[in-house]
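Chains B and C: place on chain A using the hints.
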Amino acid sequence: MRFYYFEMVGTAVFAITGVLAVTRRGLDVFGALVLGIVTALGGGTVRDLIIGAPPFWISDFNYVSAASAGALAAFWIGSLFRDAYRGLLYLDALGAALFAITAANKVLSLNLSAPVAVTMGILTGIGGGLIRDVLAGRPTLLMSREIYATPILMGCVAFVLLYGATPPVPYAAAIGFTIIFGVRALAIYRHLEMPAWLTHRDRSDGDR
Amino acid sequence: MRFYYFEMVGTAVFAITGVLAVTRRGLDVFGALVLGIVTALGGGTVRDLIIGAPPFWISDFNYVSAASAGALAAFWIGSLFRDAYRGLLYLDALGAALFAITAANKVLSLNLSAPVAVTMGILTGIGGGLIRDVLAGRPTLLMSREIYATPILMGCVAFVLLYGATPPVPYAAAIGFTIIFGVRALAIYRHLEMPAWLTHRDRSDGDR
Amino acid sequence: MRFYYFEMVGTAVFAITGVLAVTRRGLDVFGALVLGIVTALGGGTVRDLIIGAPPFWISDFNYVSAASAGALAAFWIGSLFRDAYRGLLYLDALGAALFAITAANKVLSLNLSAPVAVTMGILTGIGGGLIRDVLAGRPTLLMSREIYATPILMGCVAFVLLYGATPPVPYAAAIGFTIIFGVRALAIYRHLEMPAWLTHRDRSDGDR
Chain A
1 MRFYYFEMVG TAVFAITGVL AVTRRGLDVF GALVLGIVTA LGGGTVRDLI
51 IGAPPFWISD FNYVSAASAG ALAAFWIGSL FRDAYRGLLY LDALGAALFA
101 ITAANKVLSL NLSAPVAVTM GILTGIGGGL IRDVLAGRPT LLMSREIYAT
151 PILMGCVAFV LLYGATPPVP YAAAIGFTII FGVRALAIYR HLEMPAWLTH
201 RDRSDGDR
Chain B
209 MRFYYFEMVG TAVFAITGVL AVTRRGLDVF GALVLGIVTA LGGGTVRDLI
259 IGAPPFWISD FNYVSAASAG ALAAFWIGSL FRDAYRGLLY LDALGAALFA
309 ITAANKVLSL NLSAPVAVTM GILTGIGGGL IRDVLAGRPT LLMSREIYAT
359 PILMGCVAFV LLYGATPPVP YAAAIGFTII FGVRALAIYR HLEMPAWLTH
409 RDRSDGDR
Chain C
417 MRFYYFEMVG TAVFAITGVL AVTRRGLDVF GALVLGIVTA LGGGTVRDLI
467 IGAPPFWISD FNYVSAASAG ALAAFWIGSL FRDAYRGLLY LDALGAALFA
517 ITAANKVLSL NLSAPVAVTM GILTGIGGGL IRDVLAGRPT LLMSREIYAT
567 PILMGCVAFV LLYGATPPVP YAAAIGFTII FGVRALAIYR HLEMPAWLTH
617 RDRSDGDR
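Keeping their order, the protein sequence lines are chains A, B and C.
Residue 1 is where the first sequence starts when you use our numbering, and the numbers rise one by one after that.
Residue 209 is where the second sequence starts when you use our numbering, and the numbers rise one by one after that.
Residue 417 is where the third sequence starts when you use our numbering, and the numbers rise one by one after that.
So here's chain A without its partners, still in its complex pose (with noise of 0.2 Å):
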């Protein structure tokens, strides 16, 4: 069960999302080149590591070829892209849903437990961002109120719980993938935030 050409396509798109979103820092091209590659490989390589599994793009090299497309693309015409910085969005949200079902695939298919498998599709899912964060020194997700992690969570509950039940694994897939594109897209299309009594604030608001 893999959408090959999805997922190059899904590489790419995390890639420019993860130099978009720091180039308005000074940025060169190697560090744009890092940044997305990280970004695109960043949370399978440690899902592959924890799991011990080679790390996926180390047999297959154009995983790095499409992350590394996507990076400078985005550092040349990245002007381009800011103005369909919505429309990536959303192709950044069928890129998570992609690679988390993807991910608790690949863990249940190695026969490790449920549990495993929804916490590596979530660590796929953000584990890529984060490290991009902390290298460009910005604030990362988990900081923010973003609803990005949330609707991962679900899919991947939902494909591990369907899993091995009646309809076939493809199908379960299918529903997890569409659960997380479906959340995340509604939460990117009506700007939803986490809700206040989800978040702690600190008394002084202010001072962030």
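In short, the hints are calculated from the structure, not lab data.
Treat the hints with care, as some may be off.
FRET-style restraints, in silico, Cβ to Cβ [stated by the list, open to error]:
(1) A:P167 / B:V377: 47 to 55 Å
(2) C:P583 / A:Y189: 53 to 61 Å
(3) A:G52 / B:V377: 24 to 32 Å
(4) B:Y397 / A:V169: 53 to 61 Å
(5) C:Y421 / A:D60: 47 to 55 Å
(6) A:L89 / B:A277: 28 to 36 Å
(7) C:A590 / B:A277: 56 to 64 Å
(8) C:V585 / B:V377: 32 to 40 Å
Given the structure is predicted, the values throughout are model-derived calculations rather than measurements.
For every residue, glycine included, the Cβ atom is placed at its ideal position computed from N, Cα and C.
Coordinates of chains B and C only, in the frame set by chain A:
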């Protein structure tokens, strides 16, 4: 030589202190969950990757559950813990002592060398907190004068020196554990800091 | 093809430059030790995890000892080094060249592909410094215009192109090494920066 229930309590406490350390900044429930899990399990995960063992929580998800419970408790009823924060620091010291000695013992039982065991003991004790601080955008332990890693270093050195010597391993472990907890508890109780002659300060001390 | 004593000197120099880069901020002796070790050994450790080899310092603790000696020397008698800081930059360039080519050679000798070898050469050369900057709360190399990674990229590409070609491997290594050191030394000597057209700056340049 495993202290299963102690380990679960230690894991939950690590997650609690991890979340309490950052909730003063804006943080939603998902971010709290990730930071709590990372604080509790991050150091041991890096240790296992380095020594080539499968991460300890892959085959026993109770560790992740304990960390999640601690993180959610700290998020929802954190104000209760905050009143008992100094009490938690002592529990945290117990957890650090337990994890460091367990790590050193795990490394020695794999027939790796004593210096590697000390290194991995320290990494397990402080690694999770370092990753949390980086993800949360806080200055790390390394940039402060808190006496946290030094007791771990002392206790692990004592443990590896005694390991395989006259006293049986559990006694060596108890001695190492007592050193770590004792020195750390003293530092908490007396508000000790690293002495000035062991600290570099900028000439213009005011700039931080 | 190992240059054992050069590697030890290179390791110590990496640790020295790593500590000197942060001692202007508050730092105690333990923090200096960790940052020095991480700078010297971090890149190679990540490389080994990714290619599935045991971290190189696990079976030979001399690397950690050399890094510790360098870190402590920089902490205690750092003012001596500071006067010779530009001299150290050249030594650091030698170390980066040595480690990058050694890494690329290690990857190729495991029959992994040439692009992976280049990627791992760069990672080994810059990875330790990236981790140090993140732990120390400094802007990373990626956000600066320093010419550090580009020579490594050039030298590693030259090495993998020549590897297995007409000249024997040691010659290919010497050529790659010379390119890295030569370009980097030129950049240090002439205070070169990445040219403006290879750098994105915020329109409001003053905000950093």
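Hint check:
Taking the beta carbon of each, A:P167 and B:V377 are about 51 Å apart, inside 47 to 55 Å as hinted. In this structure, C:P583 and A:Y189 meet the distance hint of 53 to 61 Å, their C-beta atoms being roughly 59 Å apart. A hinted range of 24 to 32 Å for the beta carbons of A:G52 and B:V377 is consistent with their spacing of about 28 Å. Distance hint check: the CB atoms of B:Y397 and A:V169 are about 56 Å apart, consistent with the given range 53 to 61 Å.
Look at C:Y421 against A:D60: about 38 Å separates their beta carbons, and that is not inside 47 to 55 Å. Taken as a hint, the range 28 to 36 Å holds for the pair A:L89 and B:A277, whose Cβ atoms sit roughly 34 Å apart. Judged by the Cβ atoms, the range 56 to 64 Å given for C:A590 and B:A277 holds: they are separated by roughly 58 Å. Restraint check, C:V585 to B:V377: a C-beta distance of roughly 47 Å breaks the suggested window 32 to 40 Å.
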